[in-house]
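Protein chains: 4
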Amino acid sequence: MLYFENDYQEGAHPSILERLAQTNLTPMSGYGTDPLCASAIEKIKLACGCPDADAFLLSGGTQTNRTVISSLLYPYEGVIAAKTGHISVHEGGAIEASGHKVIELQAVDGKLDIDAAEAYLKAYDADENNSHMVRPAMIYISFPTELGTLYSKKELQKLRAICNEYALTLYADGARLGYALASPECDVSLRELAALCDVFYIGGTKMGALIGEAVVFPKGDTSPRIITLIKQNGALLAKGRLLGAQFDALFTDELYFRLGEHAIAMAEKLKAVLKRMGMRFYLESPTNQQFVIVENAAMQALREKVKFSFWEKYDENHSVIRFVTSWATDEKSIDALEKLL
Amino acid sequence: MLYFENDYQEGAHPSILERLAQTNLTPMSGYGTDPLCASAIEKIKLACGCPDADAFLLSGGTQTNRTVISSLLYPYEGVIAAKTGHISVHEGGAIEASGHKVIELQAVDGKLDIDAAEAYLKAYDADENNSHMVRPAMIYISFPTELGTLYSKKELQKLRAICNEYALTLYADGARLGYALASPECDVSLRELAALCDVFYIGGTKMGALIGEAVVFPKGDTSPRIITLIKQNGALLAKGRLLGAQFDALFTDELYFRLGEHAIAMAEKLKAVLKRMGMRFYLESPTNQQFVIVENAAMQALREKVKFSFWEKYDENHSVIRFVTSWATDEKSIDALEKLL
Amino acid sequence: MLYFENDYQEGAHPSILERLAQTNLTPMSGYGTDPLCASAIEKIKLACGCPDADAFLLSGGTQTNRTVISSLLYPYEGVIAAKTGHISVHEGGAIEASGHKVIELQAVDGKLDIDAAEAYLKAYDADENNSHMVRPAMIYISFPTELGTLYSKKELQKLRAICNEYALTLYADGARLGYALASPECDVSLRELAALCDVFYIGGTKMGALIGEAVVFPKGDTSPRIITLIKQNGALLAKGRLLGAQFDALFTDELYFRLGEHAIAMAEKLKAVLKRMGMRFYLESPTNQQFVIVENAAMQALREKVKFSFWEKYDENHSVIRFVTSWATDEKSIDALEKLL
Amino acid sequence: MLYFENDYQEGAHPSILERLAQTNLTPMSGYGTDPLCASAIEKIKLACGCPDADAFLLSGGTQTNRTVISSLLYPYEGVIAAKTGHISVHEGGAIEASGHKVIELQAVDGKLDIDAAEAYLKAYDADENNSHMVRPAMIYISFPTELGTLYSKKELQKLRAICNEYALTLYADGARLGYALASPECDVSLRELAALCDVFYIGGTKMGALIGEAVVFPKGDTSPRIITLIKQNGALLAKGRLLGAQFDALFTDELYFRLGEHAIAMAEKLKAVLKRMGMRFYLESPTNQQFVIVENAAMQALREKVKFSFWEKYDENHSVIRFVTSWATDEKSIDALEKLL
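Residue numbers (this note's numbering), protein chains in the order written: chain A, 1 to 341; chain B, 1 to 341; chain C, 1 to 341; chain D, 1 to 341.
Treat the hints as calculated values from the structure; they're not laboratory data.
Among the hints, a few may not be true.
[What the hints assert, rightly or not] Covered stretches of chain C (in silico footprint by chain A; criterion: 3 or more residues with CB under 8 Å from a CB of chain A, positions within the stretch not fixed):
1. 89-98
2. 123-137
[What the hints assert, rightly or not] Using 16 Å as the maximum straight-line C-alpha spacing, the simulated EDC-like pairs for lysine to aspartate or glutamate come out as follows:
3. B:Lys307 <-> A:Glu128
4. D:Lys122 <-> C:Glu316
5. A:Lys313 <-> B:Glu128
6. A:Lys307 <-> B:Glu128
7. B:Lys313 <-> A:Asp125
8. D:Lys313 <-> C:Glu128
9. C:Lys313 <-> D:Asp127
In this text, a Cβ means the ideal position worked out from N, Cα and C, and glycines have one as well.
Make a model of the complete structure from these sequences and hints.
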């Protein structure tokens, strides 16, 4: 069997497991106050180029989104997201459960339609009855998006300008951030992203960690009481060292970036194979997720030998399926896939 | 000045004020346990043809929607509504504040696109990852809709069938229910509506009361503890008699229905006047709200003499405006409007 | 039957009904933007001696508490209240439903034990693990309390000082504020209360209105977006005039204060009667609620002729019962009660 | 430095790390659908003697409490807990954030005062105004408690009987369950506990895992949609294998029970040392947490050489401090402590 189902199908990168094993029996204080967390956070701030940032290690993406978003919104405010955004669809209503509306706007290839967002904000401001409406107070983007696509630097700057004009905060969900940064099409660096956003997170779970996401508030303007909110949302691990050790390993010797590069190299190779096979692409993705349209019968046959994700029905006879590479993808498995197809 | 701004611009129908005055100094027990509430509820159950119903008098539409919806959903469930639905747009995020997602689907002339709803439910059921998604557990409709339109009996039956098939509840927001029932295009009676819905409310505020909405659970299957939820949502008035007296008056001698009929007769006349004047209608509305498209300059001129609602921008030079009739509309004001135009 | 059950057993004071009737058919804009609301708010600000205040008319006490409290707390913050406070016991968990903990502390005769509050705050500040605890960010008091008792000016100043020291806001629930202000034992004026609190509300429902509570933020430091929160909590009436007319009447010719004085005069007379009858008082209440301890058999006998409230079981053979006077209490009913006892 | 600060100061038990390493590169499906989770759950159900149970692996205690409690309560319901219970004090208001009141009742040595609970429920049932109060619908206990104490089988049976009588569910927080079960004073087995509770969780984090808690609904009566709630609360790990592998190791060859036994043996030895030293115990704890009262000066001196937890101020000159043993405690460190004291 060949495995291209997702980027969390394996455990941790060996360097991470090793760091966990090395430090395993050393007693450390709990809840993120240990030296591994401190070291990881210092390295992350350095990598982001924002020494005054506040940074926190949380345990998962949904919790991170929920904690960050609810920390920044008043109870009468909501967050704008693409219809296809993770918080719009696949977090079990976590944002609404925290009391806030996700204002879902049109998406183009998985990206928030920036013109639609601007038009929405303009209309909200002009509406005499807007006091009866949720105030849009944040723009949420995922980078890369759930469909593997990327915002260009120019688009990010446009989003920043819109947020400034209408007094919103800009939040980037970087569950797969390393795969974005390593893409040849990505024209923004981690430091530039940090300079453009009010808050973002650096995903660990899909980038070789067992668990963990690092939230960064580049301006260092968060309330120290956000710890209570992290606790309330169940994202404050007693053994914070589990997160500290992993991010410390990921941000040592640029491991995080190297893992991204490997996955992207594998994705490029995979894309070439799929193209040679005459596969029809659902959209052009420059990162580690590749979407192709296949006949249903072919999909069933392929399932015998390859693990991939069913994405959605395309039409009566076709489906969209997803192939994913990651830090763990072995080049040989792509060669084997080529033989198979 | 002529007044067609909305159906809550006056106070109460004189019969209602009178009932309040007559009973004003009689001591009664609080929180809806008084004889006026009891009498009103009996009359409402009779009018709905469901003697076993549970019925409650609440203080406002947003509270009613919030209380009813949160009483029926598990924390991982959401409610389907048209994009233009009241709970989607104009309740300040009240449903989300109670923890639930409003799943906004396409609207056609203010009505939920039933095919879109069915397709959504079918796709949800077929989605292998739907445990990561909010479960759609209720369909919310407004009857009439925010744009004055009506679902036909056949459409309501279709909605009922869909709810049965996918195990959802059907909830009708009847803020302006009396104006629907009195419309010549309405092919469903109050009793038929009660038979089709799991829960609905009979609006008072826009139908001649000062305040108040009557919620009906036709099958009488509500927890008696819903009173605690009504209290929690601030919808349980200490002086419940204020609601009891008003609904008692509204459901005496069919006042509620007569008020609806008057408003519809006035709306028909108004529509004829607007048509004679060559006004361009935004959509065909069979109830008491009429929407027309006017040039911006003409709109400004009209504002000097007539109160109406600005609805939305139509294009650079045109706006959609709304004229509303109600139980209080005086025929002479329509004649005066004709002269003016 | 004689009626001393509560202070909301009648409808509205005749002057209020009259104001409603006079203005009933005049068309006015909705949601609190009408001239009656504007006039009422001006008069209230004048009476409070704070011309720069923000003031809002809401529809009920539970909603008001919920809206005000949730408007001022971050999601990781809670509110300190006496164990016997209204928000602690009798609002169906409304504050918790908005996501916030009510930190219930010891009460003495219905009043928050100020020393206990100070000790709690001191211990919280000193606790190394307090980031795992809800931050106490507000003190809630009711004035008068649910047991009819009053905080002295000195006590209010102490609460103010504590709030300043620990960075909390001070909020007074004035559901029966008029009965406090009219008490001979009250040594604080409305203006002084306004100067001491960050926010408070002037109760209407129990002071002769059909419905309605006026929230005052004396410093005028509220977000204008609080209107969206009021809407979300279902406290923004379409016919805001219903609240405007009533508070306009209450704050014309000092009606609000005169109603309080009448009720207190009646309470003094009632207290004298109860004392003459040898009744045992549960506690000394200087306002319109009087609590006495009676034998269960005597209580049952009395119920045949008098409406009062059962308050709580005292011991196996005795109960605490409550007699309440109000703006509507007729002196003759007290004379009749004396004859009866 | 000697370490007795808590039972989560080290990483994972070596067998657990080993299981993680062995399985690390095997691709598995996500979100708890992997074979390690399946195996762990089977073993847990077997150990609990309830083959029909529903069991889920969640990521942390606060999340588990929040998810379980909110899955079982209606929005107008609350949970009874001891004032000193974890959900009452140290979860940052997580239960209230999910909309539910924690009804805090008196505690005796960290245990819910069962008589107080029964009296509360009786009074609630008898209260005519209880529809204005949160309905108590669950009893939460921690086993062992936050102070290391244990409920006897008789006490648990009494709680069960009370829950049956008043229609509440009984939930046991077993963050340190293994330390309870291994105590010589514990007269209840895991199977008996499972038979008495409606739901409980088996703590992993404090019992040698890096992270993870196993929730068991012994009767198997949970909605399958609870997965959506787990996701919403951020407790559904993409790499569910991290939890599966750990619990699979813990429930292989009775490791979980052996770790408990080791910690209790160490606690007994520690207790003997502390007694020999003439230490004054704060209370008698039969599990792995020991609380002693020390002079403040002695506490400061001890801090130079030993890590322990400051628990609370006892009086002006004394403090309560906590020593904790765990699966990882080395007997030599206790010998060293004896020499030191």
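Numbers of the earlier hints that this structure fails to satisfy, in rising order: Violated: hint 1 alone.
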